[in-house]
Each structure stands twice: as C-alpha cells, then as structure tokens.
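Participant: Here is what each chain is made of, one letter per residue.
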Amino acid sequence: MHLSLAVLLSALLFGVGVYGVLARRNAVALLMAVELMLNAANLDLVAFDAWFKDTLHGGQVFALFVVVVAAAEVGVGLAIVLTVFRLRETVSVDTLTQLADRDPRPQREHDAADVAQ
Amino acid sequence: MTHWAWLLPALPALAALVGLFGWRLVPGGPVVPAVVGSVGALVVATALVVAVEGNPALVHENAVAWTPTGGIALHIGTRVDGLAAVVGVMVCVVALLVQIYSTVYMAGDPRYATYAAEVSLFTSAMLLVVVASDLFELLIGWELMGLCSYLLVGHYWQTEGARAAAVKAFVTTRIGDTGFLFGIFALGVGAGSFDLTAVMDRVPAMSHPTVLAGALLLLCGVVGKSAQFPLHVWLPDAMAGPTPISALIHAATMVAAGIYVVARLYPVFLAAPVALTVLGIIACITMLGAALCALAEDDLKRVLAWSTVSQLAYMAGGLAVGGWTAGVWHLLTHAAFKALLFLAAGSVLRTVGTNLMSEMGGLWRHMPITFGTALVGAGALAGLPPFAGAFSKDGILSAAKDHGGALGNAVYVVGLVTVFVTAAYVTRLILRTFLGVHRGPVGGEPVRLHESPLQMTGPLVLLAAFAVVLGAPVLPSSYGVRRWFGVPAGTQPLHVGWAGVLLTTVIATAAVIGVVLLHRRRPADDPVAVLGRAAVPLRRAFWVDEVYDVALVRPVHALARAVLALDLRGLDATAVGTGRTATFAGGGLRRLQNGNVQAYLSALVAGVLVVVLAVAVAVAR
Amino acid sequence: MSVALPLLLGVPAAGAALLAAVPMSERRAKVLGVLASGATLVVVLVLTVGFDFGAASRLQDGVDVRWLPAIDVRFHLGVDGISLPLVILTALLTLLCAIYTVGSVPEAGRVRQLLALVLLLEVGVLGTFVAADLIVFFVFFEIVLIPMYFLIAAWGGPGRRPAATKFILFTLLGSALMLVGFLVIYAGAGTFDMTALAHAHGRGIGAAPQLFAFVLLLIGFGIKSPMWPLHTWLPDAHTEAPTVGSVLLAGVLLKMGTYGLVRIAVADVPDGARRAAPALGILAVVGVVYAAFACLALVRSGDLKRLIAFSSVGHMGFVLLGIATLTPVGIQGALIGNVAHGVITGLLFFLVGGMKDRFHTSEIEELGGGLLAKVPVLGGLTLFAAIASLGLPGLAGFWGEMLAMLGAWSPAAALSRPLFIVLMAVAGAGTILTAVYFLAMLRRVDFGVVTARWREAPIPDAVAADLVAWVPLTVLALSIGVWPRLVLGVSDAAVRGLLR
Amino acid sequence: MRLIQSIDYAAIAPPVALGLTAVVVLVADLFLPPARRALATVISLAGSLVALGFAAWLPTQDARHTLCFPGGACSYAADHFTAFFQLLFLGALVVVLLLSLTSVAEESLPTGEFHFLLLSSVTGMLVLAASRDLLSLLVALEVVSLPAFVLVGLRRGDPRGSEAALKFFLFSVVSTGLTVYGMALVYGVTGTLQVDGIAAALAPVHAAGGAKSSLAAAAVVLVVVGFAFKVSAVPFHFWAPDTYQGAPVPVAAFLSTASKAAGFAGMLVLLLEAFRPYADVWGPVIAVLAALTMTVGNLVALRQWHIVRLLAWSTVAQAGYMLVPLGIATTAGGRGAAELHTAVQATLAYLGIYVVMNLGAFACVAAVVRHSPRAGVEDFRGLARRSPVLAVCFALFLTALAGLPPGVAGLFAKLVILRAAVHGHVAWLAVIAAANAVIGLAYYLRVAALLFDLSSDSAAAPAVSGPLVARRSRTVWAAVAVTALGTVALSVDPQLLLHAASTAAASLRHSVAP
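Sequences listed follow chains A, B, C and D, in order. The opening position of the first sequence corresponds to residue 457 in my numbering, with each subsequent residue numbered one higher. The opening position of the second sequence corresponds to residue 990 in my numbering, with each subsequent residue numbered one higher. The opening position of the third sequence corresponds to residue 1261 in my numbering, with each subsequent residue numbered one higher. The opening position of the fourth sequence corresponds to residue 9 in my numbering, with each subsequent residue numbered one higher.
If you're looking for bench data, these hints aren't it; they were derived computationally from the structure. Check the hints yourself; a few may be wrong.
Unchecked claim - Going by beta-carbon spacing under 7 Å, a handful of chain B positions derived as facing chain A:
#1 1179
#2 1182
#3 1594
Said to hold, decoys possible - Take a look, some chain D residues computed to stay more than 12 Å from chain C by CB distance:
#4 51
#5 80
#6 437
#7 503
Just so it is clear, the structure is predicted and the values come from calculations on it, not from any experiment. Backbone N, C-alpha and C define an ideal beta-carbon position, used for all residues, glycine too.
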C-alpha cells in the first residue's frame, strides 16, 4: 500500500471527525467525532512509521499513547457529560448557553437566583 | 552724568510702584509719589540736556549684559544723545504738568491712587523708549505704554464706552507692534546685535532687502502707535479716558513714541527709501483725512484727537521727506500746544459737564485764563505766527518742497491744503466753544460756569508759554540745532523761510476769516453745516470703523465660533468617537461569545483553516 | 554620589506615604502637606545653590547606580541647566498648592488624601525632570498619571469622571507610543542613557528609524504638551479639575511634554527632528491660532477655566514652535516659555479657582462683571495675570513667544526659511488674537458693573493663604520678565550643548 | 540497542515529589475526618514546597538531561528554562492552594479530589516544561488538561460549573485532535519525534521548499494550536471566559496563570527548538495572533460587568501581549539568534510578572466574592471604605495589569515585550500593543476607580455587602499578601526575574544553537 493512500484516508477520516464535531448536537456524538480525529492521526503515525522503517518505532509508540490519551479523554468526557445530563437532563450542547456574554441582569434577579439555590 | 540716565525711567517707575502698593505709607497720599517721581525725572532729564549740550551728536551709551538668548545676547542700558535728552525733558514737563493738573481734575475719584501710579508708569515707559539702548528694551517701554494707555483709557471702566475704547486702543496698536517686533528681528538678526548703535552702524553692511523689510515692519508699529492711517481708529475713541490722560497720550507719550522711534532710527529709514515713501504716502492720506474728520466732529475732545492724528502725519511727512529736524521740532511744539489744548478742554469739560461743542459756547467770559491759553494753543495748531506751530510746520513744508519729486510735492501740496482745513476746524472749535452764547445741554439743567483752580490753570499758562517760546525760529535753525539736536547725516537742513511762513499764514488766515464769516451769517449754527450732505462721510470718519467691522471683526468672530464648534464636534468628537467605536466594537465582538460551544469550535476550526492555508500558500510560493 | 536628588524625590514621597498611610486630623494633614512640599523646595534651593552654573550643560549632582542590567537600564539621575528651572518651578508650585489648600479645601474634602496625591504627583514630575535614563524617565512620566486621574476624578466638578478618563487614556496612549519611540532609539543606539544618547547625537540610528522614533515621541509628548490636534483632553480636564489639579496640570504636567521633546526627541534623534520639524512647526502654529479662536468664542459665553485651558494650548503652541525651529534661540524660547507658562497660567488657575470658591461658578456669563469693584485684590491680580499671559514685553510670557518667533525668523539651516517666516507671521497674528481674547475676558469679568446677583452678596476678597500662594507667582512673572537671565542664563550652555 | 533507559532521578525530582504528594493527599483524604480536611491543604502545601525546593536547587547544578535516546537526544531536560517554569508553576500552585482553602470549605468541593486534581495537573506542567519530544509534550499536556476539566466542574449541583467543564473539555479535545494530527504530520515530514531531530530535519525541508515544505508549515501550525488553545490566543480563546466564570474562583485563577504558563512552556519549546527553521513562517502568524488576541481581548473586556469574566477577557489580552515578542520578524535559515533570545526573555519575563499580578487580582476577587457566577463589577464599588488594604492591593494589581505605576511591575512587563518587538523589527506590532495598553487601561481603571468611589451616592452599599464583609479568611489574605509583596518587589527591582528569564531563554537557545 502506498503511503499517499494511507495519508489521504487519514485526512478524510480527520475531515469527517471535524465535521462531526461541528455538526452533531449530542455531546456523546461529539466525543465520538473527536475519537475519529485522533484515530486519523494514529493512522498517519503508523503509516509513517512503516514508511520510515523507524528503528525506534516512534510512530507506533506515539499511536499507542494516543490511544491511551483518547481513552482517558473519553473517560473524563463521559463523566462530565453525565454530570451535565444529571443537572440539565439533556446532552445537547447547543442548549448549554447559560454562560455567555450578555448584559448584566438586574441585581435583584441575582439575589433571587441566589436564594433559590 | 549720563551714567545716571537709567534714573530717568527708573524714578517714575519707582513712583508707580509706591503709588500702587505703598501710598498708604506715604504722608500726603498718592499725590506725593506721583509728583515727586515726575519732578525727579524732570531733574534728571534736565541734567542730561545739560550734559549733552554742545555736542549733541555724541552718543553716551551705558549698557550691561542683560540676557543670553541662545543666539544674539541682549544688553540693557541707556543711550543718550541730544534728541533723547530733549525729548526726555519734553516728556517730563508734560507728565509733571499732567500730574499737577490731575490732582484737582481727578480729585474725588475713588481710584485716584491707581490712576496717578499708572500715569507715572506711563511716563516711565515713554522715558524708557526715549533712552533705551537695545531694541528689545525699547520694545518693553513701547508695549508698556500700550498697557498704560489701555488701563488709563479704560479708567472709567464702569462705562461701556471706556471698556471698548481701551480694548480697541490696545489691540489696534498691538497689531502694529507685531510688525514692529518682526522689524526688530530683521534688523537685529541682520546686524548681529539688537543694540541701537550697532544696528545703525551696520545698516550699510546689511543687504537691502533686510533693511527694507526691517524699516517697513518697524513702520507698522509706528503707524499703530502714532495713529496713522490705517491704524488710526483707536485714537479718537481713546477720548473715553480722563482728559489729562488724553493730554499725556497726545502730547508726550504713546503717539509721540512712534515719531520718536523713526527719528531715533533714522539711518535705517534713510537706507530704505521705499519705506520713507510709504511713510510719506501714509502721512498724506492721514494728514488731510484726519483734518477733514476734525472739521465735522462735534465732540470737543474728538476734534482734538483728529487734529493730533493730522499733526502727527505732518511729522511723519516731514521725516519721510528727509526733514528730520523739522519733524522733531514739530513733535516738540506739538507736544506743548496739544497738551495745552487738551488741558484747556479738560478745564472746559469739568465746568460744563459735556463733551459736545453744540452744548457749549460763550465760555470766554467765565473762563478767561482757559480761553486765553486755548487761543494760544489754537493759534499754534492753526499755524499762525508768532505761535510755535507755524514755524515748525513751515519747516516741514519747506523740507518737502526742498525734497522735491513726487513725494516731496505731494507732501507739500497736501500739507498746504491741510493748513487750510486745520485753520478752519480750529476756528470752528474756538467759535463753538468759547464764543457766542452759552447753549447748555439740551433739556439739561443750567450749570454754573467758573474758571478752574490754579493747579489747572497754572499748567495751562506754562504750556502756553512753551507754545510761544518753542517757536522762536532762530532756536532750532541755527544755534539750537547744533546745540541740542544731533542731526543725522543725509537729512534736509532745517530751513524756515519767511516766504513759506507768509504763505501758510495767508492760507490759514483765509480759512479763519472764511469760518468766521460763515459763523457771522448764522451764529447759532455749526459752520460745518454749510457742507451739507458732504459732511456725512467726514462725520463718520469715512466709514473706516465700519469697514473694519465687516472685513475683520465679524469674520474673526464667525471663525471663532466655527473653531469652537469644530473642536467640540470635530476633534473632540473624533477622540470620543474613537473611544465609542472601541466600546462598540467590543460590544460586537461580544456577540460572538454567545455561549454555544459549537459556534466556538467552528471559529476555532475556521481560524486554523485560514492560518494553515495562508501558511501553506505562503511557503509554497 | 550626591544625596540631593535622592532627597529631592524622597522627601515628597515620604510625605505622600505618611499622609496616605497615617490617619490624622485635617489640620495636621495640611501642616504636613505644607511641611513636606516646603522641605522639598528647600532641597531644591540647596541643590540650586550647589549647582555649578559655570558648567550648566553638564549633568550635575548625579546618581548613577545599577538597576536592571538585564535590559540595560541604570538608575541615572542628574540636573543640568535645562532641567533646573523646571525643578524649581515644580517644587514651588507644589508648595503653593499646599499652602492654597490650607485656605480653600475642595468641596469633596479628604484633604489628607488630596495632599498625598499632590505630593506623589510632585515625585513623578520631579523624577521626570531629573531622569537621565530613558526608562527611568518613562517610569516617572507614568507615575504622574494615577494621582492626576484621582485628583480630577475624586475632587473635580460635575463632569469629572469622563474628563479624568479622557485625560488618562489620552496621556497613556501618548506615553505608550513614546515608549515605543524610546525602544526604537535603543534598538539603534544600544543605550537608554540620555547623556550618552545626547552625546551620540543620533549616531547609530538610521534615517528611517530616526523619523519613526521622532514621530512617536512627538505624538507622545505632543499629547502631553498638548499639541494641536491632540489637545482635546485638556479643556475638559482643566474645566473639571479642582484648583490645585488645574494649577499643577498647567503649571508642571504640560511641561513634561515639551521638556521631553527638547531633552529626548530633539537631542537624541536630530535627523528625525529635522525632517519632522516643518510638520511640528505647522501644528504648533495652528495650535496657537486655533486656541486663540476658540478662546475668542468662549469669551462670549463659556467657562473661564475652559478658556484658560485653551489659552494653554496656544501658549504651548509657541513653545512647540520654538522647538520646531531647532535653533538655540527657539529652544531657549521653549524653555523660558515653559517656565513662564507655568508661573502665569498657574496663577490664572489659582485666581479662577479663587473665583469659583467665592462665586461657585466659573461661567463668564454668571460671574458677570465688576470683579475689580467687588474683590479688588482678586480682580487686580487677574488683570495682572491676563496681561502677563498675553505676552506683554517686560513680563515673563513675552520672552517665550518672542524667542520662538525669533527662532522662526532664522530657523536651523536644514529647514525651509520661507515656511518658518510664514509660521512666524501666523504666530504673530496669534499673539494679536491672544491679546484680543484676554482683553475681552477682562472686559467682561474684571471691569464693568457688578451684576445684581452679586451686588449684595458678601464675597470676601483674597485671604492670607491665597495671597501667600499667589504673590510669589506674581513676583516671579515680573522678575523673569524684567530679568530673563534668571532662566535663559541657566539653560544657555545646556541648550547650545544639546544642539551642537 | 538498549531500550532500558537509565533515569536521572534528581532531574525529575520535582514532578515526582509533587505526583507522590497528589497520591498521598488523595489517600489521606479517605482516612481524614471531615473536620480535619484542612490537613489536605497542609499536605499539599508541604509537597509543593518540597517540589519547589527541588526545582530551586536544580538550576544551581549543571543542566541535566535524562530519558535519553541512543544518539544523545533526551526527552527530559532539567535546564534553566525548565527550572524557570517549574518555579513559576509551583509558586502559582502555592498561591492557589492558599486561595482555595476557603472556597473548598464554603463551596463544599470534595477536598481530597480537589487537591489531587490540582497537584496532578501541576505535575503535568512540571513535566511539560521539561519535555523535549512530541510524545512527552502531548502526554504532559493531557496530564495538565484532564484534571483541569474535572476541577472546573467540581462544584456539585452547579449547572454552570458542569457547563463550563464541558465547554472547556470539548474545546480542549478538539484542539488536542488538531495537535495530534499535526504531530503525526510532523513525524511524517521529519521521521522523528525529538525536538532537536525535528529541527535538524526541518531545516533542509524549509530550504528546499515546495509541497513538502507547505505540508510541514501546515503541520507546524496544527501542532501549535493545542498550545494556543491553552494560552487562549484568539481565535482559540472562546472557552476561556465561559469556563472561568463557571469555575470556582481559585480554579479560574489557576487556569489563567499556571495553565496558561504551561501553554507557553510547550509553545516555546516547540517553536524555538523544534520549529526553529520555520521561524520566518510562524513569526508572522504569531504576530497576527498576538495583535488579534490583544485587541479582541481588550475590546470585549471593555463591555464586561462580571468581574471574573472581565478578568478572563483581560487574561486573553494579556496572552496577546506575551505573544508579541514571539511575533518577531526573523529571516529564513535560523539567523537572528539575538532577537529570538530577547523575544523569549521578554515572554518569560512578562509571564513571570503576569502570573504574580493576575493571581493577586484573582485573590482579591476571591477575598470579596463568594460565588464566582454572580460577581458583578459593581459589587466592588466603594471597597476602599469597607477594606482599604484590600482595595489598595486590588488597585495595585489592576494598575500592574494595565502597566501603570504604582503597578510598576506591569510597566516593566510591557516594556520588555515592546523592547523585544522593536528589537525584532516588528515595530508595527509594538505600536498595536501600545494602543492596546490604552484600551486595557480603560477597563482596569474603571474597576480601580470604583474601588475608591466614596461619593455619597455609593453609600448605599451593594446588595451583597453582607457576605463580603463576613468573608475574612486568613489564607486568602495570605495569598493577597504574597502576591502584593511579589508585585511590589518586582516593581522595585525586577532584575532578578529579568535575569532568570534571560538565563532560561539562553538555555533554550543553547539546545538549538546551529
């Protein structure tokens, strides 16, 4: 298999991942899209490693680490998504806009919100 | 003695200081420093005349280093020669008489102390101009006079007229003074020194454009100070000040300073004939124009003011045609008779309580001394022998005739015409003021007419004496000139011919007789009424004020409003607007922070994409 | 190493710290304020007495210690003939402000904090004048901002907030750009040391960087000076500032700009200065005329403080014109113009402050006329100050204007003489307009009849503290006017050294 | 080929010490009664100080390198550069620990977890600064980030906290994805993961130009994204304001200082060691980013009413200033070493000063407001009346951030970056930075002026004055005091820091010297 094939495939995969990140509303789907991006990189790494016949196998090792990192990220990510779901009962990211730049609410409303908590 | 010449301006200055701040400590009040200062200055001036007597062309200069400027260093000191000494005496005499006169005239004025101190300062400033050895030193005196005239003209600052006149006087002369300052630049930089002697010595070495520029620019100041056309407008208005001040301004200080400076720096002007021609033209216009204005004026003091303008033009004309001696001589005689006339006018005004001649008349009976002395002054002004003015004026006309050429002939002819007009308005003045019946203010209460006290009549008599004595033709023409004036080289020798005097006398007498005849025909009417509608431009002073108002004052104020508007709505608004724009931009950028994480991510990816593409393209290229 | 300069900065700093940190009665605070500023003036006088006037072009009483070798900055201070007059002026005006405060406290009260800020301001200004390293200069230049901001923002008039903000933002913009200019100089010359830079006279800096640096410095110092059209912060700041704020602003703060222009811009990047001088000259003269017109409009219906603020723009225009000529004469004019403006405009602001204290307004319309009749001393001093301010020969204001124009009559060889003669003529027209508006102001405020509103009101004339604060300035305006050697003699050698 | 590496434990002592402390705290927390929770802080502080001791001791030695590959390249370098950052991280950690004691108690954050996560993240930072290959950098970056996500969302039952965490997380992982992809491409172009090796391999690529060079340039940009995200450079900054606002104040303080510094550490290693041959490419990119970052940060900060958000935008702007020196114009081929050295020195010096003053500002906020989500700027009106010392300190920090006396430290910070920019021939950037200083001052001063607004209309104290006064924690005060003293010290004599920055920059340069 020629290197360029692998690289093209990886680029495609990465593009799909990016699209997924931008297009999907579900937080979990977003996580999956990110996984696609990382795996695109992995594909590249492994392909390059093979191409270079790297004696240190830097690419392969790197790919392994990326897998670990991805796992850790997903772990933390899912935990956060879970928290969000518990508090908001939704995992749709476009509804999460409580924190945004908007004009200050009147002080009284602040207090009301505070008391309500 | 000339080492002590600095005392000449210093003594009145000290008197001014004491009079302003310390008069409460002086037994006798503010009068004492005022009079003592003037007397002291007169003593010094007399001593100076004695010191330079016999060899008046020799310059006694005493200067000390004043200040470095980064370029040409300045010196301060005195420069005394015959001219300075004689003019110094003239100034001191008039100033002293004015101070004495004022003790009565201004008695009861709540601000007398300030007034007297300002008169002292005025005297001091003029004396500084007289003896200054450095152009900037001269300028200080020059401008200080502007200030004093401002303060004194505006002495009655409760009245709108006085306030306006004061500002007008200062600003108008200041316009000329700016040119004067630049003239000093031109000459001083050209000569490499601001010392008067050095400047005059180095005139031959300077390039002609420099000398011409210097002379013309200096003329601006002269025209302003000596109230020549087109900067004459302030002088008639300056009558809003107390009358003794008018005497001071018109005779000894301020207006005299302009003529004096031309005489003092005469070598500069001689080296720039164009400047002298300009001066001559200005003199011709002013001479006749002002005399015509005087003819139609009803206000006694304004008549005198116009006459001053006209007489100063005679001096300027004399200097323009090389009649240095005649010009200076006329300066002296004029100082005597004009001070006399103003003080006499003051005496009259104080009694009748009005300035308008139409409300006077028949005063000779009640004020014999005033009338008598005024008659002397009037004779001198009209150019009738044996009074001084006749001879000095003839000196100027003779010089013009001798000078010849277009300029000389113009000055001569206009001078002769003006003699006629002068005699006419002088006659009208005497007739309307002193003769006939007393008309009194229209609808006003009758006033008790009486002669003024000795402090006022004394100076009148003394000045009348001067107005006669100074005219002795032998005095300057042969003996006196050599003895007391240092005549600059290249000037017309003074030449007073009896033929000339006869001619002017005939012309003047004709005018006198003409006006008297007119008066006889209709004693109640103003003789000028015969001119009918032709008198209107004269009464309005040829609308010069109106022209200035339309051409200068209004545009300046309009521009001022525009500038302020520009500042608020233009520059400041731009600055504030920039701030607002920043805030607004901040508001706009803020909208991007809408809370939607996918929007954020899109921006991130877009950013990366742009940068990556840009970089990749840039590198590939 | 001399202790004079550390003391010079240390005394007011200590006074400020004491006032700021230790709670005390208002009376004590006033006394302490006067003592601290008085002690500073004493230090200055000692410094002056010890100053070698024969070597005024040399930096004296220097302090030169290692500070930040990592970025080539030394703590280098010193005075010479150019800075000494300004140092004296600063110390004097601060003392007078402290004395004035004894008599009249601004409505907002809190004298202790007010005086602390005034003293802190003094530290900054004095430091700026004695700094001999660009970065030290810059630090002191910036120290001034915050105290002045709070002086305006806390003790000012009704529109104080925007005015204070405008002041500080404008000035910071200027000083930030100025810093970039310094760094451009450094990039070329390799040193921040002002003596070395002045000595090098632009050597090592290319033509383009010189011009760039000069333009940056011109903007920086021009905002401070203020130079048209960067002046728009000034009228607002002055109008709103309390009296002492206005006095210090006009009296010493503006000087920092022109001083820097002479000391750094002209001396260190002479080539850039030569190329930018025509532009500077034009802006300066436009400022003169523009300010005069603005004042002329304001005198009809406007605020007296605002009018005087605009007149400052005009006066500083002459100072800038003097600098633009790049001649010793012009720069001498700039320096004496600086001092004279500090004295005279300081006095004017004191007087207007005095009016505001008494009449609670500085609107010309509301003041009416007849000040001279109602409060003769105040009115008389106003008359004097206005006359001095319009540049009457024989008073301090004249020399700056005259020398600036004299410099323009024969500008430096590299400059276009016709242009500068035109500038001179326009500036001359400016002096006429200046006379017009000052006289119009006097006519409306000083002279005339007291309006009905004030005729019966018991308005006190100047009190002792006022006179103690005002009379020295009057005397100084007169002394410098009669004997300009007081300033010019000190700076002469230094200025010649600068332009060598 | 020996794959078993010998490890210089002295070199890695700081991260090891801190990592161990993290574990100890976590374990100890399990056994500590709730009343003794404060002990976690004590342990953490002790561990931090030990690590700090190691980090301070290391630079007195010769530079150490460990985890080396055959051929001499090493993955871990304990040189002055590393030491500079490690001291910075640990110093910041100490202040954050002081700050967090009250927060942890009042906002009922889980003590053990909080400290564990915090220490873990800092451990990652300590490694990050020392990493000299892409793999270590990536892993260290993840160790920095992953605990931070959790820290942000640690406040239980707070929807804002979890929202902040999720945004932070998503932004981070996407950035990481881009970075990893970039790293893969770099590996593809150079065939190595070692920074030295990459530099050596990139030089001929750059010289040759063409498609490969374009690819390399793109890869460089992608790699930098992950770190640009950490430093919140525009347009990678969007997460910052939302996250800071949602997070507990001490965490926001941590993110805005230590975490940002970590981003710079990685960025500097990458740009100056690995991608040095491409300096003429990334220089202009960074310059544009710097200009954008400063301007956008400052402009938006003008329109903020929430104190933490305001500070958040201010940190964005500050990041822009720190990027300025790196935007220098260098010529291709690695010339301009002196300019680069000045640039790195400037960034480091600014970073050092920034960490102190920004921590101080956050400490003041922490001392005043209880709940970060609703801390209005207005709440600070008239603070000088209630607590003059705190007001003065806050004003000091604000003026320092603005770069104005009395906060002279900030002025020096601005000075060094402008100096580097001018020195590096990007005077235009210096002018933009100068203009930005003015915009910055506008909002810093707005807050500072509020503090001293004692006018009568402000006498009506803000609604939240009750809790404001009640909240007087000794540790928070200690944090304020430490940072205030630090700011004053840096104002009077920043030489020590400038010198350290210079040495650190020199050590970085040394390792890439051509």
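Participant: With reference to the structure, classify each hint as holding or not holding.
Facilitator: Hints, verified against the model:
At about 70 Å, the closest approach between the beta carbon of residue 1179 (chain B) and any beta carbon in chain A exceeds 7 Å, and the interface hint on this residue is violated. Violation of the interface hint for residue 1182 (chain B) is found here, the shortest Cβ-Cβ separation to chain A being roughly 72 Å, above the 7 Å cut-off. At a threshold of 7 Å, the smallest CB-CB gap from residue 1594 (chain B) to chain A is about 6 Å, leaving the interface hint in force. Non-interface call for residue 51 (chain D) relative to chain C: holds, since the shortest CB-CB distance, roughly 37 Å, exceeds 12 Å.
Remark: the non-interface label on residue 80 (chain D) is consistent with the geometry, its nearest Cβ contact in chain C lying 32 Å away (cut-off 12 Å). With a least CB separation of 10 Å from chain C, residue 437 (chain D) falls inside the 12 Å interface cut-off, contrary to its annotation. Separation of residue 503 (chain D) from chain C is inadequate, the least Cβ-Cβ distance of about 5 Å not exceeding the 12 Å criterion.
Checked against the numbered hints given earlier, the structure breaks hints 1, 2, 6, 7 and satisfies all the rest.
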